[in-house]
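Peer 1: Residue strings, one per chain:
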Amino acid sequence: MIEYKENKEIIAKRIAKIFKSGEVVNLGIGLPTLVANHVPHDVSIILQSENGLIGLGPAPAPGKEDKDLTNAGAAPVTILPGGAFFDSAMSFAIIRGGHVDYTVLGVLEVDQEGNLANYKIPGKMVPGMGGAMDLTTGSRVVIAATTHLEKNGSSKLKRRCSLPLTAAHEVNYVVTDVGFFEIAGGRFHLREYFAPYSIEWILEHTDADIVVDENCKEIKL
Amino acid sequence: MIEYKENKEIIAKRIAKIFKSGEVVNLGIGLPTLVANHVPHDVSIILQSENGLIGLGPAPAPGKEDKDLTNAGAAPVTILPGGAFFDSAMSFAIIRGGHVDYTVLGVLEVDQEGNLANYKIPGKMVPGMGGAMDLTTGSRVVIAATTHLEKNGSSKLKRRCSLPLTAAHEVNYVVTDVGFFEIAGGRFHLREYFAPYSIEWILEHTDADIVVDENCKEIKL
Amino acid sequence: MTEKPVIDAAKAAAMVKPGDVVHIGGFLGCGSPDSIIAELVKLGTNKLTLVCNDTAVLDEKNNRITGVAPLIKARAFNRVIVSHIGTNPETQRQMNEGETEVTLVPQGTLAERIRAAGAGLGGILTPTGVGTEVELGKQKIVVGDRIYLLEEALPGDVALIKAKKADKAGNLVFSKTARNFNPLMAMACKLVIVEVEELVEIGSIDPDMVHCPCIFVDYIVMSKAQGGKK
Amino acid sequence: MTEKPVIDAAKAAAMVKPGDVVHIGGFLGCGSPDSIIAELVKLGTNKLTLVCNDTAVLDEKNNRITGVAPLIKARAFNRVIVSHIGTNPETQRQMNEGETEVTLVPQGTLAERIRAAGAGLGGILTPTGVGTEVELGKQKIVVGDRIYLLEEALPGDVALIKAKKADKAGNLVFSKTARNFNPLMAMACKLVIVEVEELVEIGSIDPDMVHCPCIFVDYIVMSKAQGGKK
Numbered sequence: 001m002i003e004y005k006e007n008k009e010i011i012a013k014r015i016a017k018i019f020k021s022g023e024v025v026n027l028g029i030g031l032p033t034l035v036a037n038h039v040p041h042d043v044s045i046i047l048q049s050e051n052g053l054i055g056l057g058p059a060p061a062p063g064k065e066d067k068d069l070t071n072a073g074a075a076p077v078t079i080l081p082g083g084a085f086f087d088s089a090m091s092f093a094i095i096r097g098g099h100v101d102y103t104v105l106g107v108l109e110v111d112q113e114g115n116l117a118n119y120k121i122p123g124k125m126v127p128g129m130g131g132a133m134d135l136t137t138g139s140r141v142v143i144a145a146t147t148h149l150e151k152n153g154s155s156k157l158k159r160r161c162s163l164p165l166t167a168a169h170e171v172n173y174v175v176t177d178v179g180f181f182e183i184a185g186g187r188f189h190l191r192e193y194f195a196p197y198s199i200e201w202i203l204e205h206t207d208a209d210i211v212v213d214e215n216c217k218e219i220k221l
Numbered sequence: 001m002i003e004y005k006e007n008k009e010i011i012a013k014r015i016a017k018i019f020k021s022g023e024v025v026n027l028g029i030g031l032p033t034l035v036a037n038h039v040p041h042d043v044s045i046i047l048q049s050e051n052g053l054i055g056l057g058p059a060p061a062p063g064k065e066d067k068d069l070t071n072a073g074a075a076p077v078t079i080l081p082g083g084a085f086f087d088s089a090m091s092f093a094i095i096r097g098g099h100v101d102y103t104v105l106g107v108l109e110v111d112q113e114g115n116l117a118n119y120k121i122p123g124k125m126v127p128g129m130g131g132a133m134d135l136t137t138g139s140r141v142v143i144a145a146t147t148h149l150e151k152n153g154s155s156k157l158k159r160r161c162s163l164p165l166t167a168a169h170e171v172n173y174v175v176t177d178v179g180f181f182e183i184a185g186g187r188f189h190l191r192e193y194f195a196p197y198s199i200e201w202i203l204e205h206t207d208a209d210i211v212v213d214e215n216c217k218e219i220k221l
Numbered sequence: 001m002t003e004k005p006v007i008d009a010a011k012a013a014a015m016v017k018p019g020d021v022v023h024i025g026g027f028l029g030c031g032s033p034d035s036i037i038a039e040l041v042k043l044g045t046n047k048l049t050l051v052c053n054d055t056a057v058l059d060e061k062n063n064r065i066t067g068v069a070p071l072i073k074a075r076a077f078n079r080v081i082v083s084h085i086g087t088n089p090e091t092q093r094q095m096n097e098g099e100t101e102v103t104l105v106p107q108g109t110l111a112e113r114i115r116a117a118g119a120g121l122g123g124i125l126t127p128t129g130v131g132t133e134v135e136l137g138k139q140k141i142v143v144g145d146r147i148y149l150l151e152e153a154l155p156g157d158v159a160l161i162k163a164k165k166a167d168k169a170g171n172l173v174f175s176k177t178a179r180n181f182n183p184l185m186a187m188a189c190k191l192v193i194v195e196v197e198e199l200v201e202i203g204s205i206d207p208d209m210v211h212c213p214c215i216f217v218d219y220i221v222m223s224k225a226q227g228g229k230k
Numbered sequence: 001m002t003e004k005p006v007i008d009a010a011k012a013a014a015m016v017k018p019g020d021v022v023h024i025g026g027f028l029g030c031g032s033p034d035s036i037i038a039e040l041v042k043l044g045t046n047k048l049t050l051v052c053n054d055t056a057v058l059d060e061k062n063n064r065i066t067g068v069a070p071l072i073k074a075r076a077f078n079r080v081i082v083s084h085i086g087t088n089p090e091t092q093r094q095m096n097e098g099e100t101e102v103t104l105v106p107q108g109t110l111a112e113r114i115r116a117a118g119a120g121l122g123g124i125l126t127p128t129g130v131g132t133e134v135e136l137g138k139q140k141i142v143v144g145d146r147i148y149l150l151e152e153a154l155p156g157d158v159a160l161i162k163a164k165k166a167d168k169a170g171n172l173v174f175s176k177t178a179r180n181f182n183p184l185m186a187m188a189c190k191l192v193i194v195e196v197e198e199l200v201e202i203g204s205i206d207p208d209m210v211h212c213p214c215i216f217v218d219y220i221v222m223s224k225a226q227g228g229k230k
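Chains as they are written, first to last, in the numbering used here: chain A, 1 to 221; chain B, 1 to 221; chain C, 1 to 230; chain D, 1 to 230.
Next comes chain A alone, as it looks inside the complex:
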């Protein structure tokens, strides 16, 4: 019997393999930020940060922080040679205009229709959508990054989101710590499952309709 154990690094590792050199990627706060650490050295992607830059670099060395240079989570960052700064209208022109190839977001819920909820739990917690609605609407490919199960064991992948939506029918891929799913035709399509989990385990622990892709394969990460 396989026991589920949350593993955010696995999610970040798998997502990092998706990109090709020259592609523009926006990584959300939290789990998605980890993706940057796993991009292969021979792949040079361009990170966009919605607070106003492309060419986001790694965190600065301690003591080298610049009060005027942060990411969308207010953490100090750096900019790579060839990067550029711009105002918020240009930043979202880039995002909404389809000039970002991939956006990677954390979720509270994601469903088989490609809906995603991550900005509001009515009456409880309302952080706000920030740039997430524009990012999901405008990016070429939307990737939801999430642990497969809640702390209480329930499925984060749903038939239908119950929380207010951040994005309607915009999610393309869902990458969890058990597998890689593509959303199409109102279903999750399982394309990969990550050792030690099995197809059976995933079907049993996901509260949604899953089609197992004919080329579905096990991946070790």
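Just so you know, these hints were derived from the structure itself, not from any lab. Even for Gly, the Cβ is constructed at its ideal location relative to N, Cα and C. Incorrect hints may appear among the rest.
[Claimed, not checked] Listed below are several chain A residues computed to face chain D (Cβ distance under 7 Å; list not exhaustive):
# : residue
1 : S21
2 : G22
3 : G98
[What the hints assert, rightly or not] Calculated cross-link-like contacts (lysine-lysine; reagent style BS3-like; alpha-carbon spacing at most 25 Å):
#  : chain 1 : residue 1 : chain 2 : residue 2
4  : B       : K13       : B       : K151
5  : D       : K164      : B       : K64
6  : D       : K61       : B       : K124
7  : C       : K138      : A       : K120
8  : B       : K64       : D       : K224
9  : D       : K190      : A       : K20
10 : A       : K220      : A       : K17
11 : C       : K11       : C       : K190
12 : D       : K165      : B       : K67
13 : B       : K124      : D       : K73
14 : D       : K164      : B       : K67
15 : A       : K67       : C       : K165
16 : C       : K168      : B       : K20
17 : B       : K67       : D       : K224
18 : C       : K224      : A       : K64
19 : B       : K20       : C       : K190
Fit chains B, C and D to the known structure of chain A by using the hints.
Peer 2: Just chains B, C and D, lined up with the frame of chain A:
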């Protein structure tokens, strides 16, 4: 008996007296361009040019032309210290957004409703509106600069424009070589007349409804 | 080019009147006019409407209070129009207890609505928010084969913004990600006050490198915050 | 940062296909990609739609032919969307004789429609043109107490633009009034080719001073026009 003689310098001279220091002014091609030569030395206005600058300066010395620095008529110009360049979206954000105080335009016709025609004579000549529609819509005050009579002696000031409009109900002042008119309530209000013309001459030679302002006075320019 | 008055932060703060719609620059506190904000807190002006990207960071345990957070704490606003309040629990509390009306706007929509106000546009058509709560009460318009929401311009009475550098005419240069909403807000408000770290002579900024032309700026305030120099 | 391919003007011109909507930068020829235009004339590509501020200057008596005017003369376009044709009598002739369909768009509306396409907006609400022939066939929308026209986004297949300087990643810096529509068109088109006078190493342009970020640019062409240097 007074004989009419076209006098563009008078028009430019009178308009140049309208502005106060710090005000932003856009001068159209042709007659309006002359206005810049007559602004008093102690008044420092900011000229905007819709092709992308504020702080328009005088023509460069011969041999000092810069292929990348022209006005909206493609003539070589200069920029004053404290000026700035921007793209066409910003240029018209400035114009449409109400950040230009005065726009001065030439006209084919102007009428007592504040309508102005200057971009199209159907079947004959269609230069296009360029920036004129945005300038008339967005500027705080629209000044039509025109000789009072056509070459054939007919009035340029009309009851109703017959040509396709550049601006509907946008003109505030009309300055001709015989007087200064304000448009209000569907009438031309004569506020000044320029020597050697008289109120009577103006009433006789204008094909529109004119109210003579109670403070209307003769001006020597 | 006419010089713009250089005033102190207290005088700037006093220009903000109860009832005003105030646009304040900054992204989680990066690029906020902190000196003016401090004086506005002192003054205790209230009944304001805030337009800002977010309500910044209020983390009193770690002594981290940034951007507009002190104004939120001081109950300066009875209405707040932002994209994010997740890093300021006090905004959340005021919202839940009905003290402050909070309108959440997608960040890109917020930027365009502010820009539209400055550019004389009535609004813009954006696909963002279609199929979500954001579409409620808004007109939907189809262009081509896509559905858009009509989002209206969002003008303000006063903009309090932050730049790295101004020349004496008020031409502005921003620094890195401290640019964010600042130049847009300068376009959108009747009265525009900029807090700067550096004030230079007219003519010393390359006219190709001006981020915000002087005609948008009414008053200049020298920053008292760290790094501020005259 | 990935380098963008540097190609010659002839290869750039060959990427423009009959039927394409082509955005070409420049304001009466100031800031036009003249080297690419010359090659496109040589190639004789036609049935194009032009989006440009104007059709530039065609004054053969004084041997003054600028910007897109040679393409107009070569009958490259069967449709032209511009704000002004007054300095090119050949455009006027083609329009009057029904050879070319000319759509006149107010300059500010043209700029916003191009920007909207690049920014993923369906369109914008502008007061410009209300009460004129420009309003014909357009939806009118009231916001507040003002009437606006709904003007739709104007995307393109190819943008041929001109910058002063690019780094090898494609970050662009424009010069003076040669900026005009160029950065907007880079946002609005599927394929973006920039002609530059100067090509510099990645990292040698201050990231605060980039006028058009590299992600909009696909190909770089070195200008053969006067002043071009490698």
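Peer 1: Which numbered conditions among the earlier hints are violated in the structure presented, ordered from lowest to highest?
Peer 2: none
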